[in-house]
Each structure stands twice: as C-alpha cells, then as structure tokens.
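Engineer: Place chain B on chain A using the hints.
Next come the chains, spelled out residue by residue.
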Amino acid sequence: MSNLADLAHYTINDNESKMKEFMLLFRLPQQAGEDTVSEEGMKALSKKWENWVGGIAAQGKVVSAGPRLEPVGKVLKNGGVVTDGPFVEVREMLGGFLRIKAASLDEATTLAHGCPAIDQGGTVEVRPIMVYS
Amino acid sequence: MKGLLADLFRREFGKMVAVISRRYGLQYIEIAEDLVSETFLSAAESWQGKGIPANPEAWLYHVASQKVLLYFRRNKILMDKIVPHMRESQEIYEESAEICFTDGNIKDSQLQMLLAVCHPALGSEAQIGLALRVLCGFSIDEIAQAFFTNKETINKRLFRAKERLRSEGITVEPLGDDDVGTRLDNTLHIIYLLFTEGYYSRTRDEILRRDLCREALRLGLMLTEHKRTDVPKANALVALMCFHASRFDARQAGQENMILYDDQDRSKWNQELIYQGMYFLGRSAVGNEISSYHLEARIACCHCYRDDGEEKWQEVLHLYNQLLLVNYSPAVALNRTYALYKAEGRESALLEAEKLQLSGSHFYHMLLGELYIGVNNNKAMEYLRTASTLAGTEAERKHIKRRLEEIIKDGVERRDETVK
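First to last, the sequence lines map onto chains A and B.
When we follow the working numbering, the leftmost residue of the first sequence carries the number 1, and every step to the right adds one.
When we follow the working numbering, the leftmost residue of the second sequence carries the number 1, and every step to the right adds one.
So here's chain A without its partners, still in its complex pose:
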C-alpha cells in the first residue's frame, strides 16, 4: 500500500456530544529524575511517551496535552513551610498531565493503559473534569 497521504482525505463526525472530559495525572517515582537516565534513554523514553499520546490522539480523544513538568520545584504548606519536596506524602511526584475525552470513567481508564509512567514505576490517576451547570 502505499502512502495513505496520497489518498485519504475526508472527515467523519463522532459522538462528540456524549463525551466527557477527564484529566490523566502522571505521577512518577522521584528517583526517575532526568540525571539518572542516559541521553539515549531519555530519547527512547520521550519517543515512548509521544507515541503513547499519539495513540490516544489518533482516536480523536485528546483534548489538550498538558505541559511536561520539570522534576524540581517547591511545596508550600500550612504555617509558611516551604520545602523542596517530596511533593506528595508518598515518594511520587506529578510529572505531567493530559486532558482527554471519553464516554465514561471506564473508557478513560482503558485509554490510560499502556502509559509509560507505569513502566517507569509510577501511576496514572484518572479524574473526571468537573462540569459546572
């Protein structure tokens, strides 16, 4: 076959109206910071991420790709306490987020499968985006 670019050109309507929006929050182990991984490793990792997001985008289900977050920062707490982390009480930190659309929480969770964060020893949190009525 052939390069489909020479052929495919048309559009289809999906069930846009039935879709709800969800936020996928990627939490990564803190030690998976950039400095512990080689440049090659980083490249492979970002390709993996990109292709994974691309797979969801190919289904027309990405609303917007959030920015990736640097693995450093500050945390503010009650009483004027400022620390360099940990960012959550556990050993994980927020690595980035992705806004997607899906028919249900279950479907959104299915879409989150295969996320590279999981291979990196992290987690994906799937949260419906609140709708104001």
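Hints were generated in silico from the structure; no laboratory data involved.
Keep in mind the model is a prediction, meaning the values are calculated, not measured.
Heads up, a few of these hints could be off.
[What the hints assert, rightly or not] Among the chain B residues that face chain A by a calculated CB cut under 8 Å, a handful are: (1) His318; (2) Asn321; (3) Leu324; (4) Leu325; (5) Tyr328; (6) Ala333; (7) Arg336; (8) Glu352; (9) Lys355; (10) Leu356.
[Stated by the list, open to error] Beyond 12 Å from chain B on every Cβ pair, some chain A residues (computed): (11) Met23; (12) Asn78; (13) Asp84; (14) Leu94.
[To be verified] Keeping only pairs whose Cα atoms sit at most 27 Å apart, straight-line, the calculated DSSO-like set for lysine-lysine is: (15) Lys379(B) to Lys401(B); (16) Lys342(B) to Lys48(A); (17) Lys379(B) to Lys409(B); (18) Lys355(B) to Lys342(B); (19) Lys355(B) to Lys47(A); (20) Lys312(B) to Lys43(A); (21) Lys20(A) to Lys355(B); (22) Lys312(B) to Lys48(A); (23) Lys342(B) to Lys268(B).
Where a beta carbon is used, it is the ideal one built from N, C-alpha and C, also for glycine.
Structural biologist: Showing chain B alone in chain A's frame:
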C-alpha cells in the same frame, strides 16, 4: 483562436472582475462578471473579422473598461448611489475615466477579493465555489465537475453566496491588521481545501484536477507576495502544495490509474517544485507558531527527500503525532497509524488500528487489510474486500483487486514451498 480566448479567459477573467468589484463594490460582482463575459464575446466577434490584436490583454482591459463605464453611466447608478460611498482614493482614479488595469492594481484587487470571498459568513463550499468563479475564471460546468455535482447546484450555491455578500455588506476593501489575521486563517484553509479537492478529487478529468491545484498554488503565492499576508503559515502552505504537486506526473498513469507512492518512478518527480517547496519551507521557519501546514509540509518534504527507511518513518511518525494534537482528522489518524507500522512494525500498528473505529471509511479497511497481510491472510482479504465495496473510485477498486490477487498468489507460492 478558440484556444487563445480560453486561455485569456482563464487568466484574465478573475483579474478584471476583481478590479471592477473593488472599484464599485462587491454588490456589483454579478454585473462585473456579466460585463467581463460580454467583453470576451465582443473579442470573439471582433477578432474573427479583424484578427487578433497585438496586445490582446490591453484590448480586453480597454473594452471592459468602456463597457463598465457605459453601464454605470447609463444606469446613473454611479452618480446617484455609488459616488457618495466611494472611497477617496477611488474618486481619484475616477477622474482618469479608464479603469485602472495596472499590474499593481490587479494584484491588490485580487488579494482583497480573495480575502473577501473567504469571509466567515459564507460556508466553505460557497467560498471555494466563489474563489473558483471570480478569482480563477472557472466555468460553472468545471466547478460542478470538480465538486462532483451538477450545474444547478453550483448556480444556486453561487447565487446564495453572492446574496450573502450583499446582505452582510462584505466589501473588497483593505482590511485592518486584526481582520487580516482572522480572515487569513480562513483564507489559508480555503486554499488548502481547493488544493486537496484537486489532488484527491473524485473527478476523472485530469486537466481539471491539475488546474485546481495550480490555481490553489497561485492563490497561495499571491498571499506570500503581499507584505501583510506573507506570514510563516502561508509560506508553509505553499511549501506543502509544492511538495505534493511535485509528484503529479509520477502518480498518474492514464485517465483511470493512480500510481501510489511506493510504486512511483522518482525520476518523474518534479525537482523544480521540490526546490520551490524547500524555499518556502525555509521561509516558513520563523516565529513561534507551528501550524498544521508546517507539520504537513515537513511530512511531505520527508516523502520527497528521505530514503524510504526506518529513519524517515520515525520522523514522519513524530510529525503525525504532533499534527494529531494540532489538528485531529480521521485521515491524519490513519496516516499516523500507517507511519507507526513503517516505523515500529505491524504488531504495534495493528493494536492501534483496531482502536480507531473508523469502519465507515474504506481507507480504514485498506489499512487493516494491509496490516493483516502475512499475519492472517484471511482477515486481510476480508478487510480488503470490504474496502473495495466502500471505495469511492475505480482506481481504488483496481488497486485493491491487485492487492487481493497478490495475496492469493503469495499464499499459493508459500504453500508450494512447504510442499517441496
């Protein structure tokens, strides 16, 4: 002489209509069209007897100018209604009586006409139709053929579009910077649609298809020639069109047959257009915005330059991943999945293709059919047969049939090998 007149019509009709409409207002666009058409009729009669004048364009401009002036004088519209609304600058060349068909005025008028017909109040089909009629000098017949519909539909569509231009009070006037910005996006989109209509058209008329692409390219170039519309994404769009158009000769085999990318004779790719594409791609690489035209141009560029290896397909996949985030469409999703197959192999592509759910599209079935070859030939054939029943053109059905025959032949050969 018939040939000459047809050429002149295609080339000059739009210019003259643009200049006249700019001077008197878009509400007279139909009159402008009529008067220019009459001018060509006069030319046909007069040149028959007296021979072709030394400078046919000048003859046309002069006669058109006289007809226009006579029309407005006779109707007294000029004095009663138009003059009060005319801009000062227009009143200035009013004194010179003749309508000003200079190169500069033609170019400005056409650009403004382009921005006017791309007014968001009109639907995209109406915009393309109008652009083809008043900017590219296409006949109603040709437009109908390009859209795969009949004359009446196009006539109605154009009539409604012109009504709309009037009722919305859309003018052919220099736009403010903000207006240019918003109007430009729409204009680029219309040029893009015009080009793809030609490039992927269902019509079998090859000349018409090339004309559509050439006109789209011309309108795109027009934008890059004016300071205010010469923005990076306009250049990216022109680059994209150049790269695609470079393969025109290589992809056509007679009226009915389309040669697909893998089988194309690279020596037939038009190098001139590829260089031009590179030039405009270079000009597009400024500023911060990465438009879908930038990404598509870079993909098309990869197909023109890079060897068909894994490295190219990794790059193409990367660009399609980005393109999906900027501008999702089922076509992009399918192309991205095909790139995934070329870059990462059948297995991962099959997994993702199954998730796409674009079963209404024959391209989707073609893709799945292709991915299943060698994995499960029965499934592959099933998908290809479905694709064939859904296919839009004879060329596509032929391609699918060939593919099916190859699978059967390969299967038989493989079985023979095991027997031996």
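Engineer: With reference to the structure, classify each hint as holding or not holding.
Structural biologist: Hints and how they fare:
Below 8 Å, beta-carbon pairs count as interface contacts, and His318(B) has one with chain A at about 7 Å; its hint therefore holds. Checking Asn321(B) against chain A: minimum C-beta separation of about 4 Å stays under 8 Å; hint holds. At a threshold of 8 Å, the smallest CB-CB gap from Leu324(B) to chain A is about 4 Å, leaving the interface hint in force. Against a cut-off of 8 Å between C-beta atoms, the interface hint on Leu325(B) holds, since the closest Cβ of chain A lies about 6 Å away.
Annotation: interface hint on Tyr328(B) holds; nearest CB of chain A at approximately 5 Å, less than 8 Å. A cut of 8 Å between beta carbons decides the hint on Ala333(B): the least distance to chain A is about 4 Å, and the hint holds. Among the interface hints, the one on Arg336(B) holds; its C-beta lies about 5 Å from the nearest C-beta in chain A, closer than the 8 Å criterion. Given hint, Glu352(B) at the interface with chain A, holds; its Cβ is 5 Å from that chain's nearest Cβ, closer than 8 Å.
Because the closest C-beta pair between Lys355(B) and chain A is about 6 Å apart, less than 8 Å, the hint holds. Taking 8 Å as the C-beta cut-off, the interface hint given for Leu356(B) holds, the closest approach to chain A being about 6 Å. Every CB of chain B lies more than 12 Å from the CB of Met23(A), the least distance being 16 Å, so the non-interface label holds. In this structure Asn78(A) is separated from chain B by more than 12 Å, as the shortest Cβ-Cβ distance comes to about 38 Å.
No beta-carbon of chain B comes within 12 Å of the beta-carbon of Asp84(A); the shortest separation is about 32 Å. At the 12 Å boundary, the C-beta of Leu94(A) stays outside the reach of chain B, the nearest C-beta of that chain being 20 Å off. For the suggested pair Lys379(B) and Lys401(B), the alpha carbons sit about 15 Å apart, so the restraint of at most 27 Å is met. With a CA separation close to 16 Å, the supplied pair Lys342(B) and Lys48(A) stays within the 27 Å bound.
Distance hint between Lys379(B) and Lys409(B) is fulfilled; the C-alpha atoms sit about 16 Å from each other, no more than 27 Å. The hinted pair formed by Lys355(B) and Lys342(B) meets the criterion: a straight-line CA distance of about 18 Å does not exceed 27 Å. Between Lys355(B) and Lys47(A), the direct Cα distance comes to roughly 20 Å. Compliance with the 27 Å bound is thereby established for this hinted pair. Pair hint Lys312(B) plus Lys43(A) holds up; C-alpha atoms about 17 Å apart against a cutoff of 27 Å.
Taken as a hint, the Lys20(A) and Lys355(B) pair is honoured in the structure, with Cα atoms around 19 Å apart against an allowance of 27 Å. Between Lys312(B) and Lys48(A) the alpha-carbon distance is near 17 Å, which keeps this suggested pair within the 27 Å criterion. For the suggested pair Lys342(B) and Lys268(B), the alpha carbons sit about 24 Å apart, so the restraint of at most 27 Å is met.
Going through the hint list in order, the structure satisfies each hint without exception.
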